[in-house]
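Taken in sequence, the protein lines are chains E and P.
Just so you know, we're using the working numbering here: the first sequence kicks off at 72 and counts up by one.
Just so you know, we're using the working numbering here: the second sequence kicks off at 2 and counts up by one.
Since the hints were made in silico from the structure, they are not lab data.
Please note: incorrect hints may appear among the correct ones.
Claimed, not checked - Reference excerpt, derived from the structure (chain P facing chain E, CB under 8 Å, subset only):
#	residue
1	Met2
2	Lys14
3	Ala17
4	Pro62
5	Gly86
6	Ile89
7	Arg114
To be verified - Calculated lysine-lysine pairs in the BS3-like style (CA-CA distance at most 27 Å, straight line):
#	chain 1	residue 1	chain 2	residue 2
8	P	Lys81	E	Lys472
9	P	Lys267	P	Lys323
10	E	Lys400	P	Lys81
11	E	Lys547	E	Lys306
12	E	Lys547	E	Lys349
13	E	Lys202	E	Lys349
14	E	Lys157	P	Lys32
15	P	Lys81	E	Lys502
16	E	Lys307	E	Lys323
17	P	Lys51	P	Lys27
18	P	Lys323	P	Lys353
19	E	Lys256	E	Lys202
20	P	Lys81	E	Lys470
21	P	Lys396	P	Lys263
22	E	Lys157	P	Lys27
23	P	Lys323	P	Lys396
24	E	Lys224	E	Lys256
25	E	Lys547	E	Lys256
26	E	Lys472	E	Lys424
27	P	Lys32	P	Lys51
28	E	Lys307	E	Lys322
29	P	Lys27	E	Lys224
30	E	Lys157	P	Lys51
31	P	Lys81	E	Lys501
32	E	Lys502	E	Lys349
33	P	Lys396	P	Lys296
34	P	Lys27	E	Lys547
Glycine included, every Cβ here is placed at the ideal spot set by N, Cα and C.
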Amino acid sequence: MTAVITRPEALLYDGVEWDYDKIKRVYDAIEHIALKEMGLDVYPNQIEVITAEQMLDAYSSIGMPLMYKHWSFGKHFARDEMMYRKGYRGLAYEIVINSSPCISYIMEENTMTMQTLVIAHAAFGHNHFFKNNQLFQQWTDAQGILDYLEFAKTYITHCEERYGHAAVERVLDAAHALMSQGVHKYPKKRSDLRTEQRRERERQEYQDQTFNDLWRTVPKPTAGQRPAKSVSERKKLLGLPEENILYFLEKKAPRLEHWQREILRIVRHISQYFYPQKQTKVMNEGCATYVHYQIMSRLHETGQISEGAFLEFLHSHTSVVFQPEFDDKRFSGLNPYALGFAMMQDIARIAEKPTDEDRQWFPDLAGRGDGMAAVREAWANFRDESFVLQYLSPHLMRKLKLFSVRDDAEDPYLLVDHIHNERGYRDIRKKLARQYDLGYLEPDIQIVDVDLAGDRKLILQHRVTNGVLLDESDAKAVLRHIANLWGYEVQLIEVSAISEAILKEHAVTAPSGVGVV
Amino acid sequence: MNIIDRRLNPQGKSLANRQRFLRRAKEQVVKAVRDASGKRGIQDIENGEKVTIAAGGVREPSFHRASQGGVRDYVVPGNKEYVEGDTIQRPDGGGGGRGSEGSADGEGEDEFRFVLSRDEFLDIFLEDLELPDLVKQKVKQSESHSLTRAGYSVSGSPANLNLVRTMRNSLSRRIALKRPKRDEIRELEEMLREAEEAGEDAEQIQALREQLEHIVLRSRRIPFIDPIDVRYNRFESVPKPIAQAVMFCLMDVSGSMTEHMKDLAKRFFMLLYLFLRRRYRSVDIVFIRHTHEAKEVDEETFFYSTETGGTVVSTALEEMQKVVQERYPDSEWNIYAAQASDGDNMSSDNAKSATLLRDVILPMCQYFAYIEVAAEHNMGLSALGRETELWRTYKQVQSPERPLAMRRVRSRREIFPVFRELFAREKAGA
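Construct the entire structure; sequences and hints are all you get.
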């Protein structure tokens with residue numbers, strides 16, 4: 072009667088329950104496909120089984136296995152827990168950490184098929200991406216991150232014991248507010264997190280050694296004696312303009328204690344560590360989704376998983392890559408899984424079975440054969456913005472029926488300026504790429520001037536593009552934080568990037584009572 | 002590949018963060034809890050509570066663009082009918098969810114919602130309240146004791162020897178008295194042997210021998226561990242408090258008690274129950290209702306069945322006395338009682354009730370709370386100065402040394418404040 076051709080003896084597992092033997096078997100089968108057939112290159116894997124409870128815990132500390140203590144993590148935990156308990160939101164099936172060994176958390180509630188999917192997705196998909204993408208190679212230190220977090224955690228606990236919760240919380244609050252402004256966007260020197268701990272100690276020792284109480288007695292020059300430096304000279308000395316606000320404060324804020332600078336540094340390093348992830352959401356998820364889809368299909372083809380298991384996989388896979396249309400009430404922007412997966416498939420298609428249009432648009436890629444190699448190349452060398460700009464094909468734009476809308480606050484209507492046709496392809500592609508460009512998404516804010524010899528007022532500048540100003544109340548709150556760290560007045564000027572005209576000014580006075588002790 | 006089972010790792014890694022968060026939002030949470038407890042039904046007071054607080058204190062600001070103004074471009078999927086140059090009506094509420102901006106939380110900017118666990122809720126709810134006479138006085142004569150650590154002593158049984166302390170003392174004594182180290186002795190012995198083998202002159206050998214003798218003697222005189230070094234863990238026996246309580250709910254159920262009044266009484270009983278539950282490991286409840294006669298009943302009957310008849314309060318007190326004698330000897334139980342009534346009583350019974358309360362009930366109770374409930378719209382005859390029969394009767398009994406408290410309650414909203422007032426932690430020095 073039955074037309075199922077699978078041979079039950081070849082199945083890796085049967086039923087929904089999982090155990091360690093099954094996971095081991097499945098892992099080996101997946102590893103074979105991933106490394107031998109797909110040519111992936113991964114960090115050693117460490118798979119950790121956790122409960123839903125622990126998954127919630129992991130959520131709240133931004134997915135890291137260890138993290139210092141701060142109330143904001145508790146806040147996120149409280150909200151995630153409520154959402155989960157009330158059933159508004161499920162939990163992720165997995166969390167994966169960019170470290171070596173690469174740690175993937177899987178939940179005990181998952182069925183065996185889900186565990187298989189998760190291992191394929193996280194332990195091979197994300198893992199390969201972390202190891203091979205140039206952004207991650209350039210910016211993150213997978214070997215050192217866990218040790219560094221351990222150091223950060225103990226250091227901050229130590230500070231709390233020594234200087235009190237309130238004082239540490241104040242610094243952390245301010246540092247968190249500036250987290251997005253705490254990354255170096257252009258590489259200066261490759262940072263090695265392992266040496267960070269040593270350097271912290273050395274800095275402290277050096278300061279202790281070179282302390283000489285006599286300096287206190289040296290008469291300070293009066294104002295008249297020092298020749299006033301020119302503005303440009305002054306800026307050069309301080310390394311201005313500087314867009315890494317946390318870095319500037321850590322190095323130059325006049326009233327911070329050593330431990331406060333170190334906390335800023337810790338937050339800055341963590342922010343920097345996450346910077347590539349922010350820039351590669353589509354690619355990272357697309358890569359992992361493409362990998363798990365290939366692996367699961369392959370397992371099914373070779374008769375290693377049952378029809379039932381494959382159906383269960385397809386069910387969760389399709390809900391992951393579901394893209395509601397713009398007029399759907401479920402629509403909340405482009406789904407990175409959907410776009411990423413569709414683009415990966417599209418690249419493989421163009422490489423293997425190109426149409427004439429593809430040949431015209433992608434002369435180097437079309438018909439070169441070996442789709443997997445083409446996809447691997449893309450994973451290694453791009454970030455979301457450049458990836459979309461390079462690979463989004465007219466074929467896919469038609470499939471997704473993309474169109475672009477211009478929202479000018481001065482017009483009563485929204486304008487559809489491009490649709491998926493010959494005239495619109497390039498513009499849509501350009502605009503979509505911009506939507507993923509962090510340099511464009513995040514406001515361009517820089518420290519432009521400070522007169523250390525004068526009133527020490529810190530001046531920041533926001534270069535406004537497209538007339539979109541900063542959110543006023545939040546900007547004010549962040550300025551307050553900056554003023555607390557800086558210790559003196561802080562001013563933020565919003566100027567038009569085109570005309571240099573001043574559009575708006577915010578100012579915050581020096582913290583009263585000199586809060587920095 | 003490694004598989005690690007982390008399921009048995011300590012749970013609640015975020016607890017410390019959560020506490021920090023609650024501490025940060027303390028004021029707002031307390032306010033939210035007070036509001037919530039005013040609104041909710043008494044049955045579910047024990048459940049956790051979803052509270053909404055203003056986001057002000059727990060806001061995490063960052064530099065980001067405003068959601069209004071300027072020129073923005075969006076690329077969205079699902080075009081069905083638009084061609085270039087079409088215009089679309091601006092959706093209500095700004096961007097209408099399109100684009101990458103907007104609150105990532107999916108909730109309003111101004112408020113933050115989360116669920117307090119039952120314990121957290123009750124902690125805040127019952128904060129600053131203290132039970133009168135938490136530990137039964139009788140305990141002082143009771144036989145039950147437990148041992149707790151209480152520092153160190155110089156005498157004790159070998160089983161309680163504290164090695165760390167002992168060795169520390171020994172070490173410091175040995176250093177202070179310059180006890181020769183074993184290595185020094187060995188070295189000297191070595192030198193002596195070498196000297197003998199080499200056949201050096203006798204004088205030198207003699208000097209070495211004497212030196213060796215001297216330090217061996219010294220190390221013998223100064224023992225490695227001296228009795229004065231030895232320290233023992235000291236334990237003290239502490240009387241174990243009685244950890245069980247019984248709570249008597251007495252209520253007048255005669256016709257004059259309306260549903261509203263019963264509801265008020267029920268709320269008060271529930272609060273008291275919750276409160277006791279937090280302080281004692283086990284809490285029994287006894288429900289006694291009375292008209293002109295009193296009966297012990299189950300909870301359902303107590304609150305929901307109606308009876309007719311006159312009102313004789315002393316019957317309830319007698320019933321309570323009977324139950325205590327039968328089942329809850331006051332040497333083993335902490336006894337709490339709460340009585341709710343509209344204040345009616347047969348005038349002939351007043352004297353008897355007063356005597357019973359003063360001589361029998363109050364001496365065995367930790368606390369006796371009398372709640373007089375009144376109809377809500379009846380803005381209080383008592384407010385006009387007319388006191389009810391029972392109120393006047395009990396007032397005679399009331400004195401500072403007796404654990405009797407009396408309050409009037411008219412509406413639901415007053416229940417909690419009255420409760421707080423009754424159990425408010427006494428000021429220091431009071």
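Straight-line Cα separation of E:Lys547 and E:Lys256 no greater than 27 Å? 24 Å, holds
So if I understand the rule, the pair passes when the alpha-carbon distance is 27 Å or less; does P:Lys27 with E:Lys224 pass? 25 Å, holds
Going straight from one Cα to the other, do P:Lys81 and E:Lys501 come out at no more than 27 Å? Cα-Cα ~21 Å, so holds.
Restraint status (C-alpha distance of E:Lys400 to P:Lys81 at most 27 Å): At roughly 16 Å apart (the allowed maximum being 27 Å), P:Lys81 and E:Lys400 satisfy the hint.
Are the Cα positions of P:Lys81 and E:Lys470 separated by 27 Å at most? 12 Å, holds
Satisfaction of the P:Gly86 interface hint, Cβ to chain E closer than 8 Å: Check passed: Cβ of P:Gly86 comes within 7 Å of chain E, closer than 8 Å.
P:Lys267 and P:Lys323: Cα distance at most 27 Å? 23 Å, holds
Next pair to validate is E:Lys256 with E:Lys202; report whether the Cα-Cα distance is within 27 Å. 20 Å, holds
Verify the proposed pairing of E:Lys157 with P:Lys27, using a straight-line Cα cut of 27 Å. 24 Å, holds
For the hint on P:Ala17, just tell me whether its beta-carbon gets within less than 8 Å of chain E. 5 Å, holds
Holds or violated: is there a CB of chain E closer than 8 Å to the CB of P:Ile89? 4 Å, holds
With the threshold set at 27 Å, check whether the alpha-carbon distance from P:Lys51 to P:Lys27 stays at or below it. Since the Cα atoms of P:Lys51 and P:Lys27 sit roughly 15 Å apart, the hinted pair holds (cutoff 27 Å).
Comparing the model with each earlier hint shows no violations; every hint is respected.
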